[in-house]
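Make a model of the complete structure from these sequences and hints.
Protein chains: 2
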Amino acid sequence: MKALIFDTFGTVVDWRTSLIEDCTRFGNQRGLHVDWVGLVDDWRAEYKPSMDRVRSGKELWRTLDQLHRASLEQLLASRNIRGLTIEDLNYLVTGWHRLRPWPDAVPGLNRLRSKFIVGPLSNGNVALLVNLAKFAGLPWDVVFGTDLWQHYKPDSETYLGACRLLGLDPPEVMMVAAHNYDLHAASQLGLRTAFIPRPAEYGPNQKKDLKPEGSWDIVATDIVDLARQLA
Amino acid sequence: MKALIFDTFGTVVDWRTSLIEDCTRFGNQRGLHVDWVGLVDDWRAEYKPSMDRVRSGKELWRTLDQLHRASLEQLLASRNIRGLTIEDLNYLVTGWHRLRPWPDAVPGLNRLRSKFIVGPLSNGNVALLVNLAKFAGLPWDVVFGTDLWQHYKPDSETYLGACRLLGLDPPEVMMVAAHNYDLHAASQLGLRTAFIPRPAEYGPNQKKDLKPEGSWDIVATDIVDLARQLA
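Those protein sequence lines, which keep their order, are chains P and S.
Residue -2 in my numbering is what sits at position 16 of the first sequence, and the numbering runs on without skipping anything.
Residue 65 in my numbering is what sits at position 83 of the second sequence, and the numbering runs on without skipping anything.
Quick caveat, the hints were computed from the structure, so don't treat them as lab data.
It should be emphasised that the depicted structure is a prediction, and the values quoted were computed from it without experimental measurement.
Since the list gives no way to pick one copy over another, a pair counts as held whenever it fits inside one copy or between any two copies.
Lysine-lysine pairs mimicking DSS-like chemistry, simulated, CA-CA at most 27 angstroms apart:
1. Lys189 x Lys30
2. Lys116 x Lys(-16)
3. Lys116 x Lys97
4. Lys30 x Lys116
5. Lys190 x Lys30
6. Lys(-16) x Lys97
7. Lys40 x Lys30
8. Lys30 x Lys193
See the structure below:
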């Protein structure tokens, strides 16, 4: 094993709490009365359907920043939230560039980095992931975003594309994720797999991905535990 | 200005001295009597012609690792150096992954990184550049190798491809290089430019790139000086 590639939203960073705080602060400054918790959850609920429209060929390639922007515009319109400027929209959309890492992420990645190549393999685009890494202090060796291949996970082009760019065979690369679907796709292609449950990712009522649903190579409580198991 | 992208061989790392030492050590261990200085210089002399055959369409895309391997095999054969194993060849070719940074490179990059996105835009492939960064301790935020676009510099796809992946317009990105041809191509496309002369890159008899040959935005004595000028 030479490299670990990480799902990022949910696995490395706590997108939900970060976005709710970011949006709430923005709303308070603007004097807006909006249910930001509900809006953030609805925004994320558009994530998979919006990518699936691209994956199925119903829509041409758009980056995750572009998908986030389109779904937010629709959500604002449907909730009758009016009068936001283009700059406001830009600010809210780049909230996905300002997410806090889970507490174990940076120390865990730093430990892993001394022995392995570490990088994200996220549905985010490269610009989003680079800005996020700067904001959150994520010590990546390399950044894989889906705009490199114009394919979203779980398309095989993403997993195999990362392996090829690293010059490594799939068994030399471990996919790390809090989501079973991601590990399922990676393992089918021969990558190694590590599951890290993040039971609070979707808030207090999370129903899925509480447990491993496959025979993943490693199940770890967090990224520091993963580093310990691979030491 | 948001990001700086760096030519790597010659600008950030001292490929010639590093490779001569690496090859000489290898030769001594094998009891080989080879003029390694001459071989390294001849190897590098194949660099541009080998990329130009790809750029002109005479040859299909091959990564720099693959070009390095092909040109080394030819050089060994033409010098009648026989009996090296495939593992020996792999070792020598990956000498380009084990290059030392110029003394100013790591401290200069660390300073720049606190304010800007920094990454290589090198003719190397991503795997080479990631391995090199691990070996040399180069603190990149993102790694741009030419296999991302299957184009070698100075093709416009490389410079504009890096800007697009960063989500930035060319004037928001500065190309940093010890080679005037590289800055010429970047400036034609609207990127900013910084020249850092490396008069010892090609050894004691270097004739070219001793001085800036264009109106580059910045001329700096080294990467620490560049950071100082941009502070």
